[in-house]
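Mapping of the sequence shown onto full-length UniProt numbering: position 46 corresponds to residue 46, and the numbering continues sequentially without gaps.
Don't take every hint at face value.
[Unchecked claim] In silico EDC-like links for lysine to aspartate or glutamate, alpha-carbon gap of 16 Å or less: (1) Lys45 with Asp68; (2) Lys508 with Glu466; (3) Lys462 with Glu499; (4) Lys352 with Glu264; (5) Lys343 with Glu264; (6) Lys343 with Glu261; (7) Lys352 with Glu263; (8) Lys343 with Glu263; (9) Lys244 with Asp483; (10) Lys343 with Glu266; (11) Lys352 with Glu221; (12) Lys352 with Asp262; (13) Lys244 with Glu487; (14) Lys352 with Glu261; (15) Lys244 with Glu480; (16) Lys352 with Asp341; (17) Lys352 with Glu266.
If you are wondering where the hints come from, they were derived from the structure by calculation, not from laboratory data. Just so we're clear, the structure is a prediction, and the values are computed from it rather than from any experiment.
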Amino acid sequence: MQIARSSSGAAMEARGDLRSILPYLPVVLRGGALFWPPAAQEALKALALGPDVSRVSSGDVLADALADLRLALNLDPLPRRAAEGFALFFDDLLSRAQARDWFDHVVPSLARLLLRLPTLLEGHYRAAADEARGLRILSSQDAGLVLLSQELAAALLACALFCLFPTADRAEARLPAINFDSLFAALCYNSRQSQEQKVRCLVHYFDRVTASTPTGSVSFERKVLPRRPESDGITYPGMDTWMKSGVPLCTFRVFSSGLIEDEEQETLEVDFANRYLGGGALSRGCVQEEIRFMINPELIVGMLFMVSMEDNEAIEIVGAERFSQYMGYGSSFHFTGDYLDSKPFDAMGRRKTRIVAIDALDCPTRLQFESSGLLREVNKAFCGFLDQSNHQLCAKLVQDLNTKDNCPSVIPDECIGVSTGNWGCGAFGGNPEIKSMIQWIAASQALRSFINYYTFESESLKRLEEVTQWILRHRWTVGELWDMLVEYSSQRLRGDTNEGFITWLLPKDIPNGDVDYIDICG
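Put together the whole structure using the sequences plus the hints.
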């Protein structure tokens, strides 16, 4: 037995995945096992016994307890504004009944979950025997996947809530902030109700997972389009590749209302991301990406270990459960209650919710019309939409989809469609007409079977359905649409046209809206 334990400990010490993430975790590795430092463990044990023992029965006292925990971990003091934010939320903004339940039940349950973190991590690494799916830093150009249980994800999020992750070297490593201190601090100097509502979403998540431990899995994958050829994989395409592409354009469906996250069928759902995963989710941001991270909080876990994205990279997350309902956007964002996620599970225990984070050019102005800007954006979307492992299979399946007599009634998992919208067009300032065409080109080249495009009632896209069906009627290829996009952009740069792409492209003799719907499956 001692020999087996020693062998297991030596194996743990030798793991490269664990060594890469360990400096960013609050636990220590000693003698081949993971532990909380003794002072931190004693503090967590007191919290786990409830307010009668810990005396933690208010936000003010909770902040003091978290400050002591950080001291036990040799971390910097909890920022004063963060402590004030904890007190403000739990003592003033939460109802008395909610606050009582939080301190009587949720905080002790979270402390017990954190006490199990070393055991959960050791079990995770035993299950990820070959390191291919183990928790680790996924660095730039390091294509790979991390598979976590939802229980381990909950424990890591509890660490973030209690602000227990070491932060000293995260900025230098190009890792986003992960602790919730800035989120709570922003409550003190942000008068917008949206900040409070973001915290309410996360508090609701902790209510749920402490009442009933989730049993599924979540995967986080760094996707890379290599700039140089590697074995049989697809590399970063140049202008010539796009010009010469003969791939047919996929079905394009336009929705003026509705939300990507409410998509009923399984699709690849686009996160309009910051290059730092999560963007302002844990500070003051409250637009598309940040809202998604609040209603599906397990997405936040990726911020622990995902280095910022470069131009040839994307991040795909599968299995993140949705816990919250909401209304509004930006300053009007509002948590409205519980959400029961009914998505089925795949063979890996992940919910069939696929979210791909792709970051657009920020404030591109003229660059979005230049060849370099167009190429950067289409390749960013292509990287996110492409499934390298199933590309050959998808090629045959899409060929079948394009054969009227052999159009399957159920789209196979391997080439599901894309749900997206005005990527990079809000705070980032991109052109919605250009971005819609770029995403269509990229999805088609990636052999996705369709795009469901949510316009959010954008005025510039009121003729989007008209132009896409006109293009499909004429059976354009990826290369043909790309060629027209490049020509239009050149004219915009020269000042030869100020029209939007849709008006520029459509024949002037077509009456507005007089285009028949054409579906690839007929």
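A quick look at each hint next to the structure:
no., hint, verdict
1, Lys45 with Asp68, "holds (13 Å)"
2, Lys508 with Glu466, "holds (13 Å)"
3, Lys462 with Glu499, "holds (14 Å)"
4, Lys352 with Glu264, "holds (11 Å)"
5, Lys343 with Glu264, "holds (9 Å)"
6, Lys343 with Glu261, "holds (12 Å)"
7, Lys352 with Glu263, "holds (12 Å)"
8, Lys343 with Glu263, "holds (11 Å)"
9, Lys244 with Asp483, "holds (9 Å)"
10, Lys343 with Glu266, "holds (9 Å)"
11, Lys352 with Glu221, "holds (15 Å)"
12, Lys352 with Asp262, "holds (13 Å)"
13, Lys244 with Glu487, "holds (15 Å)"
14, Lys352 with Glu261, "holds (12 Å)"
15, Lys244 with Glu480, "holds (8 Å)"
16, Lys352 with Asp341, "holds (10 Å)"
17, Lys352 with Glu266, "holds (7 Å)"
The structure fails none of the hints (numbered hints given earlier).
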